[in-house]
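K.L.:
Chain residues, written in single-letter form:
Number of protein chains: 6
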Amino acid sequence: MSDKTALIVSAHSADFVWRCGGAIALHASKGYDVTVVCLSYGERGESAKLWKQEGMTLDKVKTARRKEAEAAASALRVHDIRFFDLGDYPLVLDREAKYRLVDVIRAVQPRFMMSHSKYDPYNTDHMYATEVALECRMIAQAWGHNPGEKVLGAPQLYLFEPHQTEQMGWKPDVFLDITPVWDRKRAAIECMEGQQHLWDYYTNVAQNRGNHFRRNSGGQAGGRDCRYAEGFQSVFPRTVDEL
Amino acid sequence: MSDKTALIVSAHSADFVWRCGGAIALHASKGYDVTVVCLSYGERGESAKLWKQEGMTLDKVKTARRKEAEAAASALRVHDIRFFDLGDYPLVLDREAKYRLVDVIRAVQPRFMMSHSKYDPYNTDHMYATEVALECRMIAQAWGHNPGEKVLGAPQLYLFEPHQTEQMGWKPDVFLDITPVWDRKRAAIECMEGQQHLWDYYTNVAQNRGNHFRRNSGGQAGGRDCRYAEGFQSVFPRTVDEL
Amino acid sequence: MSDKTALIVSAHSADFVWRCGGAIALHASKGYDVTVVCLSYGERGESAKLWKQEGMTLDKVKTARRKEAEAAASALRVHDIRFFDLGDYPLVLDREAKYRLVDVIRAVQPRFMMSHSKYDPYNTDHMYATEVALECRMIAQAWGHNPGEKVLGAPQLYLFEPHQTEQMGWKPDVFLDITPVWDRKRAAIECMEGQQHLWDYYTNVAQNRGNHFRRNSGGQAGGRDCRYAEGFQSVFPRTVDEL
Amino acid sequence: MSDKTALIVSAHSADFVWRCGGAIALHASKGYDVTVVCLSYGERGESAKLWKQEGMTLDKVKTARRKEAEAAASALRVHDIRFFDLGDYPLVLDREAKYRLVDVIRAVQPRFMMSHSKYDPYNTDHMYATEVALECRMIAQAWGHNPGEKVLGAPQLYLFEPHQTEQMGWKPDVFLDITPVWDRKRAAIECMEGQQHLWDYYTNVAQNRGNHFRRNSGGQAGGRDCRYAEGFQSVFPRTVDEL
Amino acid sequence: MSDKTALIVSAHSADFVWRCGGAIALHASKGYDVTVVCLSYGERGESAKLWKQEGMTLDKVKTARRKEAEAAASALRVHDIRFFDLGDYPLVLDREAKYRLVDVIRAVQPRFMMSHSKYDPYNTDHMYATEVALECRMIAQAWGHNPGEKVLGAPQLYLFEPHQTEQMGWKPDVFLDITPVWDRKRAAIECMEGQQHLWDYYTNVAQNRGNHFRRNSGGQAGGRDCRYAEGFQSVFPRTVDEL
Amino acid sequence: MSDKTALIVSAHSADFVWRCGGAIALHASKGYDVTVVCLSYGERGESAKLWKQEGMTLDKVKTARRKEAEAAASALRVHDIRFFDLGDYPLVLDREAKYRLVDVIRAVQPRFMMSHSKYDPYNTDHMYATEVALECRMIAQAWGHNPGEKVLGAPQLYLFEPHQTEQMGWKPDVFLDITPVWDRKRAAIECMEGQQHLWDYYTNVAQNRGNHFRRNSGGQAGGRDCRYAEGFQSVFPRTVDEL
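Top line first, the protein sequences correspond to chains E, B, S, W, R and D. Sequential numbering from 1 applies to the first sequence in the UniProt record's numbering. Sequential numbering from 1 applies to the second sequence in the UniProt record's numbering. Sequential numbering from 1 applies to the third sequence in the UniProt record's numbering. Sequential numbering from 1 applies to the fourth sequence in the UniProt record's numbering. Sequential numbering from 1 applies to the fifth sequence in the UniProt record's numbering. Sequential numbering from 1 applies to the sixth sequence in the UniProt record's numbering.
Since the hints were made in silico from the structure, they are not lab data. A hint or two may mislead.
Same chains, same label: a pair holds when it works inside one copy or across any pair of copies.
Unchecked claim - Restricting the straight-line Cα-Cα distance to at most 20 angstroms, the calculated cross-link-like pairs of lysine to any residue (SDA-like) are:
1. K4 with T63
2. K98 with Y128
3. K49 with G223
4. K52 with A221
5. K52 with S29
6. K49 with G218
7. K60 with A28
Predicted model, so just to flag it, every value in this text is computed and none were measured.
Please model the complete structure; the sequences and the hints are all you need to start from.
P.N.:
Shown next, in the form of structure tokens:
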């Protein structure tokens with residue numbers, strides 16, 4: 001495995017596409033091995049279109065959602081995608097499931113991690129996934145957890161963009177230019193056949209975040225002609241040698 | 001002037017030493033031209049020791065404070081230090097004084113700016129300086145202010161560390177390793193003869209921020225052996241090509 | 001059942017009386033079917049007066065609390081009151097209990113829901129009830145939860161007034177004029193024989209909220225002569241055709 | 001004048017178009033007389049494209065900006081637009097200018113007012129305009145200010161959507177369906193020839209706010225097919241007879 | 001003057017009665033010399049009842065307000081009340097007025113100060129008074145302001161209870177038992193003939209704060225039988241020898 | 001047992017030393033019986049140095065950590081230290097463990113309690129311990145929990161100082177002068193052989209908090225010559241007879 005790695009913790013199987021598909025594709029293009037963990041398929045709560053079909057079952061929904069997610073991951077050049085299949089609405093991780101996530105974190109040794117916003121009154125699975133990401137990051141750092149394994153350092157945890165950012169109290173502190181990989185993100189988005197109503201929504205988001213990128217990189221005085229961007233909120237401070 | 005530039009807006013003449021002396025010295029060592037604007041000498045509010053001397057006058061205090069600040073600036077390799085001499089406790093900038101600051105901003109074209117915390121119930125001059133820094137940054141960006149001059153881009157405004165951080169609601173999101181220039185910062189600190197009670201205080205701060213740097217760069221699993229650091233809070237989001 | 005419905009999720013059996021008795025009675029008078037779910041009787045934590053009696057047992061406390069709650073519900077014209085009897089101090093809902101609440105939500109299809117403040121350091125049952133209300137609202141919206149049932153739309157969740165509002169970070173954004181039904185609320189309050197020390201307290205609250213209603217509807221320039229009101233904090237944005 | 005009235009306080013002459021053009025057109029279509037006060041033309045800070053033209057002067061910029069604003073106001077069916085011409089970057093209102101705004105408020109007797117977000121580190125004129133709106137609303141309520149005039153009641157102050165909502169700490173609590181008047185808003189937007197880079201930006205915003213409207217009015221279970229919306233944050237609580 | 005002193009900074013002449021009349025009377029009874037500074041009479045904004053009388057003039061209103069305030073001060077055993085007569089709605093202090101307040105602060109050398117909440121969208125005079133109180137406290141501490149005078153130490157600034165606490169973001173961290181002096185506070189309240197609609201309102205507040213006092217001093221397990229209380233929010237941390 | 005008592009709830013066995021060792025020693029010297037509950041030994045997550053030794057086992061780590069904690073407790077004159085041995089990273093309390101903590105709370109009847117900050121993204125055990133402390137405080141107050149036992153009153157819960165205070169959103173509202181017992185705290189700190197890198201860190205903290213004590217007790221105008229202090233954040237309001 002490359003020493004450039006990243007880990008995405010996605011509550012439901014489509015979240016990583018809308019919220020950080022550009023970051024995945026961009027870092028993949030820079031040589032990162034990006035691993036995605038889908039804690040659930042979003043089979044109960046985020047598959048309305050499938051459930052409206054005749055004769056639908058939980059297994060069929062899961063299968064369809066997995067296929068979509070795999071296709072999207074492929075479009076984004078994801079290195080590895082893991083489906084924990086823990087169930088959604090509500091998502092719950094017992095101790096064993098948490099340790100399973102810790103195992104992935106330690107195996108990947110990510111330079112950075114990503115998960116959901118800290119707060120989400122519409123979707124408690126989302127904020128729960130972030131709580132779990134923080135908890136498992138902590139366990140992965142513990143020398144006494146599975147002693148002998150390589151412990152985790154101190155990777156940043158980026159919170160990716162939720163739906164209705166203001167209601168979630170989410171505030172981006174970094175914008176990433178995803179113009180070079182926009183086509184891949186759009187292709188991944190179009191794999192999400194069950195949620196077609198969101199294709200244009202997240203295209204709008206990417207364009208408008210591009211505007212924010214331009215505002216913050218040079219404004220009217222110039223700066224990068226970024227056309228598509230993604231925003232992230234950092235949980236931890238950065239450590240640098242130059243501002 | 002170098003195209004690597006920075007601008008510090010300091011309410012009183014000693015603030016830049018305690019709060020970002022390391023950042024100044026470090027960036028100077030990397031080829032930055034760092035300009036410091038002291039809006040006042042802190043002659044009324046931050047010169048208790050001088051005022052306790054027999055026969056002290058406002059002019060004598062200002063002269064002493066200016067000498068200390070110049071000596072400190074020299075120790076830190078400041079490129080240019082400007083004394084606006086606007087008076088303190090309270091500090092007030094009329095329109096003309098603001099335009100004077102805008103002129104400096106445009107002349108310097110800083111890659112980044114620095115000023116005080118957003119809130120400070122102990123010292124309203126401090127938060128006022130930051131309000132002014134934001135206002136003047138905005139004016140410097142306006143194409144219609146002194147048309148024909150080169151307008152400002154979108155430099156970051158870093159808020160440097162206030163005294164009693166928690167009371168000010170200040171939260172650092174970046175730590176800068178100042179180990180290579182610590183000697184210079186300590187030398188600059190020792191120029192502040194009137195505030196000797198703060199020498200060890202800010203040495204403690206730098207050491208403990210070094211601990212925070214280590215925690216956030218690798219923690220118990222390793223990372224840089226940073227011994228002295230400074231923390232800063234960013235007002236604006238960053239724009240990046242890689243996380 | 002009427003298509004005008006509301007659902008109150010009350011951690012303990014008396015909360016709905018103090019905190020939204022007026023809203024219940026008012027909406028009942030407007031043709032709403034209001035359902036109240038009491039997750040516990042508050043038998044351990046909110047029945048001090050009963051426990052001070054000789055020979056008291058848990059069952060006797062529950063019975064007494066239930067009687068009081070039923071009498072109050074009757075005074076308020078509650079359509080349906082359900083006692084989940086899940087225990088208090090601490091209140092805990094396992095998955096089965098949550099599904100039971102989801103069943104009620106789906107059966108009622110409320111136009112709006114009500115529960116406690118988001119934060120309460122004095123009474124962790126209260127904030128837990130709100131967490132559960134949000135979680136169960138989400139599950140009730142999931143097409144894959146008990147497929148075939150009518151899923152929930154997007155009803156508002158109002159947080160009713162806690163004791164010591166400022167300590168709970170609760171901020172009302174809507175005041176409801178309950179003057180027409182004040183007599184019913186006072187009658188319901190007087191059913192709470194075990195908590196007589198709160199009768200006048202909540203009468204004071206209602207009067208002072210009436211003052212707030214007047215301030216916000218016209219102030220010194222006129223406006224409704226509201227004498228009693230209740231305040232609520234909305235979790236979700238409203239959707240309107242006219243401001 | 002109709003008794004259905006509204007008042008918009010816009011720091012610069014284009015703000016009312018991007019931020020609440022839909023609300024204006026919609027309420028105009030419902031019989032409201034909507035008055036817009038442009039405190040400045042945004043002639044220095046928001047007219048970069050004009051200033052890049054050869055031979056531009058402050059007067060020419062103001063004239064061009066005024067024409068654009070008048071055209072947009074006409075497209076939106078604004079009842080009355082007032083240009084206070086107070087200068088921008090920075091915008092400052094002395095006591096006389098404030099009283100002038102109070103006069104307008106009292107003359108209009110608005111059912112609701114609108115202004116900018118409470119915080120805006122990019123544009124201090126914006127947050128200043130809101131401070132002034134609150135101050136003048138208070139003065140307009142004072143019986144001792146120009147005694148004998150009709151005093152103001154307690155109209156809501158809605159904060160319209162800023163650029164980069166999350167950086168401003170702006171959180172909408174109400175979404176307004178502007179689908180019926182979207183054509184008018186788009187027409188007004190296209191009057192802003194100097195800021196063409198924002199046309200699609202704010203179209204994206206309107207579409208995505210339409211999505212938020214649908215989410216909050218019925219979600220996947222149905223609800224209004226709103227295609228364009230605007231969001232607003234209320235400063236004051238509402239007073240109602242039914243939730 | 002006693003070495004037990006306190007200073008109240010009241011934006012309008014009645015504020016000190018409603019908001020800290022109990023604290024004044026209680027400390028007076030303990031030997032404190034309490035000084036009250038009324039920055040204005042509230043003659044324009046808080047005298048609606050007077051202005052509704054035939055033939056009213058600004059001078060008559062001021063005279064009436066002053067009489068009421070003096071009577072209330074007397075009922076509360078205020079040591080000294082100063083009327084700065086600076087005008088209200090809006091209240092503005094120029095440099096000279098601020099220095100006048102600094103002079104009072106230095107003369108009084110208060111053990112603690114009191115003023116309004118930090119935020120008040122209904123009444124910008126209130127939050128402005130607190131800004132000024134902090135600024136003048138700072139100036140009073142400056143050795144270089146009127147050198148030779150006794151400088152101020154570091155007295156607490158308590159923010160007294162605003163109307164509609166939740167809208168102001170005011171959170172009390174200390175409750176004071178005013179039961180022993182309640183009669184005096186009620187007597188002072190009844191001096192405010194122009195605002196009779198608030199007499200019962202603030203009696204309700206005092207009773208309910210008494211309930212909060214009991215909750216926080218012993219709760220159901222006992223504690224002081226406090227019947228009336230006032231709440232305050234501290235701006236600065238306390239320094240103690242025992243918790 | 002003395003009627004002067006305090007209870008510390010420490011997530012891991014060393015936390016009480018760094019964070020409130022001074023408060024413990026000081027109150028012990030004033031006749032308080034201070035009880036410390038260590039919910040875990042911190043054996044997995046806070047014992048890196050031990051785990052780096054050859055042949056280390058979980059039991060050996062626990063034993064070493066217990067010895068260190070006992071030695072530190074002895075240096076601080078702790079009255080009673082209890083090791084719940086519940087495991088760390090993650091720490092979890094089931095109902096039985098919570099009741100065990102309730103039993104201790106009721107037995108001690110503390111005048112005040114102490115635990116961790118409300119938020120800690122680095123260490124979820126810490127914030128969990130505080131949640132549990134609040135929940136168990138509530139249960140201990142319930143008349144129906146183990147009826148017949150003496151119920152708890154309303155003791156303050158102080159949150160002691162976390163590592164990286166600003167990241168935790170921790171804000172001290174009280175500083176305690178620990179100069180008289182600093183030697184004991186330093187001795188206790190030196191018992192923590194496994195975490196030697198923190199000895200000087202927390203000495204720096206104590207010195208700088210001493211500076212904050214001086215600033216807030218008299219500032220440049222005088223005040224106590226406190227050299228070492230600790231800071232705490234109160235969860236609940238205080239109830240007093242004099243400000």
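K.L.:
Next step is simple, just say for each hint if it's right about the structure.
P.N.:
Tested hints:
| no. | hint | in the structure |
| --- | --- | --- |
| 1 | K4 with T63 | neither (31 angstroms within a copy, 39 angstroms between copies) |
| 2 | K98 with Y128 | both (12 angstroms within a copy, 16 angstroms between copies) |
| 3 | K49 with G223 | between (42 angstroms within a copy, 16 angstroms between copies) |
| 4 | K52 with A221 | between (51 angstroms within a copy, 11 angstroms between copies) |
| 5 | K52 with S29 | neither (38 angstroms within a copy, 38 angstroms between copies) |
| 6 | K49 with G218 | between (43 angstroms within a copy, 15 angstroms between copies) |
| 7 | K60 with A28 | neither (31 angstroms within a copy, 44 angstroms between copies) |
Of the numbered hints stated above, those contradicted by the structure are hints 1, 5 and 7, listed in ascending order.
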